[in-house]
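Throw the hints in and build the complete structure from the sequences for me.
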Amino acid sequence: MTHTHTLAVQDLTLGYGDRTVIDGLDLVLPAGRITAIVGANACGKSTLLRSMSRLLVPRSGQVLLDGKQVHRMPAKELARTLGLLPQSPIAPEGITVADLVGRGRNPHQRMFSRWSAEDDEAVAAALDATDTASLADRSVDELSGGQRQRVWIAMALAQQTDLLLLDEPTTFLDVSHQVEVLDLLTDLNRSRGTTIVMVLHDLNLAARYADHLIALADGRVHAVGDPHEVLTEDTVQAVFGLSSRVLLDPTSGRPMMLPIGRHNVSVPA
Amino acid sequence: MTLESVQTAVQTGPDAPPLSTAQVVARGRVRRTARRRWVIGVLAALIVLGYAVSLLVGQTFYSPAEVIGVILGQDVPGASFTVGRLRLPRATLAVLAGLCFGLGGVTFQTMLRNPLASPDIIGISSGASAAAAFAIVSLSISGTAVSALAIGAGLGVALLIYTLSFKGGVLGTRLILIGIGIAAMLDSLTAYVLSRAAMWDLQEATRWLTGNLNGVSWAQTVPVLVALVLLAPVLLGQSRNLSMSQLGDDTASALGVRVERSRLILIIAAVGLIAFATAAAGPIAFVAFLAGPIAARIVGPGVSLLVPAALVGALLVLVGDFLGQFAFGTRLPVGVITGVLGAPYLIYLIIRTNRAGGSL
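In the order they appear, the protein sequences are chains A and B.
First residue of the first sequence? That's 1 in this note's numbering, and the numbers climb one at a time after it.
First residue of the second sequence? That's 270 in this note's numbering, and the numbers climb one at a time after it.
It is worth saying that the hints were derived from the structure and are not from the lab.
A couple of the hints might just be wrong.
[Stated by the list, open to error] Counterexamples of contact, computed for chain B against chain A with all Cβ distances above 12 Å:
(1) 293
(2) 320
(3) 321
(4) 330
(5) 344
(6) 350
(7) 351
(8) 379
(9) 429
(10) 442
(11) 460
(12) 531
[To be verified] Label-pair distances were calculated between CB atoms; the ranges are:
(13) B:484 with A:73: 32 to 38 Å
(14) B:306 with A:226: 55 to 61 Å
(15) B:620 with A:193: 50 to 56 Å
(16) B:465 with A:113: 53 to 59 Å
Cβ atoms here follow ideal geometry from the backbone N, Cα and C, with glycine treated the same way.
Spelled out as structure tokens, the structure:
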């Protein structure tokens, strides 16, 4: 059911006002894989994600979905292929979980069309996949942070897109809920082949869950590729200006970064 | 899902088999829309009732047969003038203006995600009112030209508030505060126009300051009807986009809404409705502001508020005008009655907004 779509950016320059945030970026996002974008604060991660989902018009260059410019595609057509979960989406007061998830069906509905059985099934499948079916009739206001994040992901799932972009889906969550959300996204990728592209703060979780890692610094790509190639002591130094040790995570075999600060360092690096 | 399975889903006795997730989803949806339909039915019935009472009852009571005769164009002694020329246009304008204020108000409140962002709070009604008062009192023009000026001024104020509050992103508290300031300036402009004209006619003054339906004729009522017929379908066509905009611009856009285009259509249609109604009846105090939140309270969350809010607006104006005419011995303008209802709610909202971010 999943079709392979390629998302790429060519010579992309983005900015707000006088400030250039992304400068002449070229990228290809591998289809059917999980990509994580990492970088220091204000390095342009979220800006890049917003532009890829058409929320920000490029100064120059282009974002291409299957060779077509996303900024020229009809809004609903794009929204049936490419989904985005912003960093802090807003839930209308008092809205129920099922109703909110149902909003994800918008790109599949026409202006005056009635709600279809297919829509109900899609919402149900999204609730089941995120383990939120038992919350269906609850008000979103009452949920815990972890539950709420799963509901937002369910809304993005109800949109049934082959590509899903997420802006820091784990912020404001405690560590167990962070892992839960990333496991859920990985399930989605494995079972349906959905291409996942997410901005993540936590380097270790990014290296653990992503197949493909992009490290941004000052609006440019500093390193890109397999986590083993990207997450190195040199990259951490260049991107974050931080000395660190990178070891192999004994559980996953993926690289793992330990920061070295100024205090409590007993073994010389 | 078939109708039958939805019906099964709605039945939830202790013996009912466990529901599939799709059935739970369908049940919630059926409940929400059923409640909305029921509310719309009741409100519409109350409006019909209020409209009928407004035609029958007054200083003189006319029988339903006499009133129907007048509506059918027969010549009924006494009633033809009182009902045909006074009560009918007045009650009709009450309903039409109420529908316009309700629609315009809830559109702004939903779009800006704040009940304080109603056109009568942020200066759009004040702009339309100042322009209409200036046109009628100082320039002595009437008819479509007045409505045109009122719309121009309403859109101008909307543009001004939008531009002044644009700073990186728009919208939010800054827009509301700027709007309140502009409303105060425009209201004093209206008072100035009225005093300069050296015709401190109380009827005219109260119309442009708080809204008044005294002395309304068909000439004022018909343009409002035309505006409603043209603009209400435009707003209703944007109903789904309006609901989606509650999720925030980024989410709505990611779900296929062309946010800027939709916002432009909504603003023009809503300002048009407000301006036409204001040019005819004045800025009837707080109707636009109250209709949406009252409708939201009775229909519950998650459904489109456009139609329920329009009906609540019509009911407020109709009942307010009737009470103003007959409940207090002296004839009070409708705006005084709706103002007394709206002011405490405004105070409540400001107190609540201080504690937590407001939303509709």
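Fill in: Unsatisfied constraints (hint numbers, rising)
As far as the earlier hints go, 1, 8, 12 and 13 are violated by this structure, in ascending order.
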